[in-house]
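Undergrad: Spelled out from the first residue to the last, the chains are:
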Amino acid sequence: MTLEMALLYAARVLVPRAQRPDWFAEWKAELDYVSENAESAARSFCCGAFRDALWLRRNSLPAANPAAVLASPWRCIALLAALAAAAVFLPLRPLVASAPQPQPIDPAKTAGVCLVLGLAIALLIASRDAILRGIESLPEAFGRPMIRLDLGLSPRLRLQQPPPDGTGARRLPTLRCWVFLAAKSVLLVLIVVFGSLRLGPPADSGIFLWHILVFRWALADQRQRCPICLRRLINPTRIGEPSHTFLDWYGTEFMCERGHGLLHVPEIRASSYNMQRWLRLDPSWSSLFPAGVSGRPSV
Amino acid sequence: MLAEPKLSHTAAMILRAIHAGHMYGFSVMEVTGLPSGTVYPAMRRLERDGLIRSAWERQSVADAALRPPRRYYKLTRSGKATLEAAHKRYPLLAGIPAVEVEKT
Chain A
14 MTLEMALLYA ARVLVPRAQR PDWFAEWKAE LDYVSENAES AARSFCCGAF
64 RDALWLRRNS LPAANPAAVL ASPWRCIALL AALAAAAVFL PLRPLVASAP
114 QPQPIDPAKT AGVCLVLGLA IALLIASRDA ILRGIESLPE AFGRPMIRLD
164 LGLSPRLRLQ QPPPDGTGAR RLPTLRCWVF LAAKSVLLVL IVVFGSLRLG
214 PPADSGIFLW HILVFRWALA DQRQRCPICL RRLINPTRIG EPSHTFLDWY
264 GTEFMCERGH GLLHVPEIRA SSYNMQRWLR LDPSWSSLFP AGVSGRPSV
Chain B
3 MLAEPKLSHT AAMILRAIHA GHMYGFSVME VTGLPSGTVY PAMRRLERDG
53 LIRSAWERQS VADAALRPPR RYYKLTRSGK ATLEAAHKRY PLLAGIPAVE
103 VEKT
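First to last, the protein sequences are chains A and B.
Heads up: the first sequence begins at 14 in this note's numbering, then just goes up one per residue.
Heads up: the second sequence begins at 3 in this note's numbering, then just goes up one per residue.
These are computed hints drawn from the structure, not numbers from a lab.
Among these hints, one or two may not hold up.
What the hints assert, rightly or not - So, partial list: chain B residues that the calculated Cβ filter (under 8 Å) puts toward chain A: (1) Gly-35; (2) Pro-37; (3) Ser-38; (4) Pro-43; (5) Arg-46; (6) Ala-66; (7) Ala-67; (8) Arg-72; (9) Arg-73; (10) Tyr-74; (11) Lys-90; (12) Tyr-92; (13) Pro-99.
Heads up, the beta-carbon is just placed ideally off N, CA and C, and yes, glycines get one too.
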C-alpha cells in the first residue's frame with residue numbers, strides 16, 4: 014500500500030460511518046487522477062482528506078450520534094436500569110488490585126438509601142423550581158434579584174417555560190416529566206453508589222464528583238426532551254444572526270419528531286428570552302408528521 | 003422575502019469554477035489554485051446549502067476510460083442565481099477559464 018492510500022485510510026476513520034463508502038470512493042478516484050497528472054502533489058493532496066473528513070464529522074446529521082439510542086424514554090430507562098443492575102449484581106473487581114478490599118455491601122439496604130437519595134434530589138430540583146416561581150411572582154420592590162442572588166438560584170435550573178403569548182396555554186404534562194426525572198435520578202444514584210463502592214479506590218473517592226456529573230447529564234437530557242412524549246428532540250436548526258441580537262431573536266430550534274412542538278433555545282440570555290421555551294404545535298401541523306402520532310402522548 | 007445567501011470569495015470561486023465546467027474536485031483545485039483541504043469541504047458545504055448537486059459517473063463510462071468512476075458536481079438553479087449575485091460582488095470571478103464539459 015502506498016503512503017497516499019494509507020493517509021486516505023487513516024482519514025476515512027474520521028468520516029461518519031454512513032458516508033464512508035461514498036467519501037472513500039470519491040477521494041480514491043481523485044487520487045487516481047492526481048497521480049496521473051501531478052504525482053509529486055499526491056501526498057499533499059491526500060493530507061487535505063483529513064480536513065474534509067473532519068468537516069463531515071462535525072456537520073453530520075444528529076442521527077449518526079450514538080446518543081440516538083437514548084431517544085426513546087423507555088430505552089433510556091431500560092439502559093440505565095441495565096447499568097444499575099450490572100452495578101448492583103455483577104461481581105465487579107476493584108480497579109487497583111493492591112487496594113484494600115471494599116467493605117461488603119448490603120444490596121437491599123444500599124438500594125433503599127439510593128432510592129431515598131434519588132427521590133430527594135428530584136424533589137429538591139422540583140422545589141427549587143417552585144421557589145423560583147414564587148420569587149418571580151414577588152414585586153420588584155421586594156428585591157427579587159437580590160433574593161435570587163442570595164439563594165444562589167438561577168433560572169437555568171428550570172427545565173422549560175411555555176411562551177407568554179398563550180401558544181403554550183395548555184398545561185404541559187409536568188407529572189410525567191418529573192416521574193421520568195425521578196426514575197433517572199434513582200437509577201443514576203444506584204449506578205454511582207454501587208459502581209464506585211464496588212470498584213474501590215480511586216473510583217469511590219470521587220463519588221461526590223460522579224453525582225454532580227451524572228445529575229448534570231440527567232438535567233441536560235431532560236431539557237432536550239419533548240415534555241409531552243419525552244422523546245429526545247431532533248433537527249437542531251440555527252435561527253437568526255448574532256449581529257441582529259438587538260432587534261431579533263437568535264438561537265437554536267429543536268423539533269419533536271412526533272410533531273408535539275418546538276423548543277427555542279436562546280444563544281444568549283436576554284430579558285425577553287432568558288431561557289429555553291417550548292412552543293406547542295396545534296393539530297393543524299399533524300399532516301407534516303407521521304400519521305397518528307401528533308398530539309397523542311406515547312408514554 | 004428570503005435574503006440572497008452571501009458567499010465568501012473562496013466559495014464564489016469554486017461555484018464559478020464548477021459553472022465553467024470544472025466538474026470534479028481536482029479540476030476545481032487546478033483552476034482555482036486552492037488546496038484539497040479547502041476545496042472539498044467547501045463543495046460539501048455548497049451541496050448542503052443546495053447550491054450544487056453531485057452525481058456519480060456511470061461505471062461503463064469509467065470502465066471505457068480505464069479509471070475509477072468520478073463524482074461530478076453541477077450548479078442547481080439557486081446556485082446559478084447565487085453565482086450571478088456573487089459576480090456583482092467579485093467581478094474578477096469572470097477570469098476563471100471555462101472548459102469543454104466532458105461527456106459523462
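Undergrad: Now tell me if each hint is right for this structure.
TA: So, going through the hints one by one against the coordinates:
Annotation: interface hint on Gly-35/B violated; nearest CB of chain A at approximately 12 Å, more than 8 Å. The restraint placing Pro-37/B at the interface with chain A holds, with a minimum CB-CB distance near 6 Å, inside the 8 Å limit. For the restraint placing Ser-38/B at the interface with chain A, the shortest Cβ-Cβ distance is roughly 3 Å, inside the 8 Å limit, so the hint holds. Below 8 Å, beta-carbon pairs count as interface contacts, and Pro-43/B has one with chain A at about 4 Å; its hint therefore holds.
Hint status for Arg-46/B relative to chain A: holds, with the closest Cβ pair at about 6 Å, below 8 Å. For the restraint placing Ala-66/B at the interface with chain A, the shortest Cβ-Cβ distance is roughly 15 Å, beyond the 8 Å limit, so the hint is violated. Proximity of Ala-67/B to chain A is violated relative to the hint, the smallest CB-CB distance being about 11 Å (cut-off 8 Å). At its closest, the beta carbon of Arg-72/B sits 5 Å from a beta carbon of chain A; the interface hint therefore holds under the 8 Å criterion.
Against a cut-off of 8 Å between C-beta atoms, the interface hint on Arg-73/B holds, since the closest Cβ of chain A lies about 5 Å away. Given the 8 Å rule on beta carbons, the hint for Tyr-74/B is violated: about 10 Å separates it from the nearest Cβ of chain A. A cut of 8 Å between beta carbons decides the hint on Lys-90/B: the least distance to chain A is about 22 Å, and the hint is violated. Here the hint on Tyr-92/B is broken, as its CB sits about 22 Å from the closest CB of chain A, past 8 Å.
Because the beta carbon of Pro-99/B sits about 17 Å from the nearest beta carbon in chain A, more than 8 Å, this interface hint is broken.
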